[in-house]
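Trainee: Our numbering puts the first residue of the sequence shown at 1, with every later residue one more than the last.
Among these hints, one or two may not hold up.
What the hints assert, rightly or not - When the alpha-carbon atoms are kept at most 16 Å apart in a straight line, the in silico EDC-like pairs for lysine to aspartate or glutamate are as follows:
#1 K136 x E13
#2 K130 x E183
#3 K130 x D155
#4 K85 x E43
#5 K85 x E75
#6 K136 x E16
#7 K94 x E37
#8 K125 x D164
#9 K191 x E213
#10 K87 x E49
#11 K87 x E37
#12 K6 x E139
#13 K130 x D164
#14 K136 x E183
#15 K136 x E213
#16 K136 x E95
#17 K85 x E49
#18 K87 x E139
#19 K87 x D44
#20 K130 x E16
#21 K85 x E139
#22 K85 x E16
To be verified - Simulated DEER-style distance windows between Cβ atoms:
#23 V261 x E122: 37 to 43 Å
#24 S128 x V241: 40 to 46 Å
#25 V192 x K94: 39 to 45 Å
#26 G249 x S215: 47 to 53 Å
#27 A260 x S145: 45 to 51 Å
#28 R90 x P15: 39 to 45 Å
No wet-lab data here; the hints were simulated from the structure.
Predicted, not measured: the structure shown is a model, and the values here were computed from it.
Just so you know, even glycine gets a beta-carbon here, dropped at the ideal spot from N, CA and C.
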Amino acid sequence: MEGYAKFANFMGEHPESALFLRFSDINLQNILYLQAEIYGLREDLRRIELQNQASSAEDLTNFHLDWSTLAQTQENGQANQQWRKVKQLRELLKEYSENNLPSLGDNSSEQTKYDAVLQFHEMSKLSSPKPRELHKLQEWLSRPSLGSVYLTGRDRNIWSDGVDLVSLGKSPPKNQLTSLIAEFLVPTYHKVFRRYFMRIKANSSKPGSSIVEYSDNGITQIADFVGTVLASIIPVLAIVVLYLVNGMGIRLGLVAVFSAVFSMCLWFLNEGSLVDVFSATSA
1 MEGYAKFANF MGEHPESALF LRFSDINLQN ILYLQAEIYG LREDLRRIEL
51 QNQASSAEDL TNFHLDWSTL AQTQENGQAN QQWRKVKQLR ELLKEYSENN
101 LPSLGDNSSE QTKYDAVLQF HEMSKLSSPK PRELHKLQEW LSRPSLGSVY
151 LTGRDRNIWS DGVDLVSLGK SPPKNQLTSL IAEFLVPTYH KVFRRYFMRI
201 KANSSKPGSS IVEYSDNGIT QIADFVGTVL ASIIPVLAIV VLYLVNGMGI
251 RLGLVAVFSA VFSMCLWFLN EGSLVDVFSA TSA
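Kindly generate the complete structure, drawing on both the sequences and the hints.
Mentor: Here it is, written out as structure tokens:
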């Protein structure tokens with residue numbers, strides 16, 4: 001297994017490495033083209049409508065009042081100019097405003113529709129890859145002891161450039177503490193202790209493709225444990241310190257300090273939600 005097949009297999013085994021181009025520029029350019037084309041056709045339609053309303057022919061003057069007359073009146077054996085323009089706009093608006101995508105859910109036969117602008121908006125919501133994830137993929141692609149996949153087509157520099165990429169892998173850590181452990185503490189642990197403690201995933205069918213793995217569940221459990229310990233210690237520590245201090249001014253200062261520490265812990269442990277932080281601190 002080589003080339004794209006090997007690349008895709010690696011992404012499947014390591015979803016965090018599923019990095020693809022967002023194509024922001026060409027998506028936006030396509031929307032601009034569609035917008036310009038629809039805008040021009042709308043101007044043409046308005047001009048034709050005014051001409052028909054000013055016409056001496058009774059059928060033409062009724063176009064803006066009777067839809068059936070507009071749709072059925074013909075010119076030289078074809079639909080009239082105004083109705084043809086409406087149908088042109090209808091097709092373009094369908095392309096601009098309705099991109100049919102497969103429905104979500106196995107029991108539904110309906111299709112979910114996204115307009116082009118909202119579809120790009122949904123694409124923009126996908127997170128960009130973290131630097132370590134991109135570096136990991138670049139290392140795997142280039143190192144002979146790992147993937148050693150060297151694409152030769154015009155797309156060969158997509159991942160080496162690392163611009164406008166989107167990650168289709170796992171969602172970001174659920175809070176700042178988990179992110180801190182995953183982004184800083186785990187790499188530090190790996191560098192210092194990897195020769196003594198590490199679990200290597202090796203596949204005999206892929207010589208040299210060994211990857212050191214750290215469990216996401218393990219990282220989450222560590223973060224939950226640290227959060228539980230902090231939640232237990234901080235209130236007791238505050239009470240003990242305030243009990244041992246006699247001066248009222250110093251006590252008030254310490255109350256402010258412990259409130260700030262409590263707020264910081266809430267921010268780290270609660271997805272950074274300011275509303276929850278303010279609510280808990282006020283209570």
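Trainee: Hint by hint, note whether the structure agrees.
Mentor: For each hint, the structure was consulted:
no., hint, result
1, K136 x E13, "14 Å, holds"
2, K130 x E183, "9 Å, holds"
3, K130 x D155, "21 Å, violated"
4, K85 x E43, "10 Å, holds"
5, K85 x E75, "13 Å, holds"
6, K136 x E16, "10 Å, holds"
7, K94 x E37, "13 Å, holds"
8, K125 x D164, "13 Å, holds"
9, K191 x E213, "13 Å, holds"
10, K87 x E49, "14 Å, holds"
11, K87 x E37, "14 Å, holds"
12, K6 x E139, "15 Å, holds"
13, K130 x D164, "12 Å, holds"
14, K136 x E183, "13 Å, holds"
15, K136 x E213, "12 Å, holds"
16, K136 x E95, "38 Å, violated"
17, K85 x E49, "10 Å, holds"
18, K87 x E139, "53 Å, violated"
19, K87 x D44, "13 Å, holds"
20, K130 x E16, "9 Å, holds"
21, K85 x E139, "55 Å, violated"
22, K85 x E16, "48 Å, violated"
23, V261 x E122: 37 to 43 Å, "39 Å, holds"
24, S128 x V241: 40 to 46 Å, "43 Å, holds"
25, V192 x K94: 39 to 45 Å, "59 Å, violated"
26, G249 x S215: 47 to 53 Å, "49 Å, holds"
27, A260 x S145: 45 to 51 Å, "48 Å, holds"
28, R90 x P15: 39 to 45 Å, "41 Å, holds"
Checked against the numbered hints given earlier, this structure breaks hints 3, 16, 18, 21, 22, 25; the rest are met.
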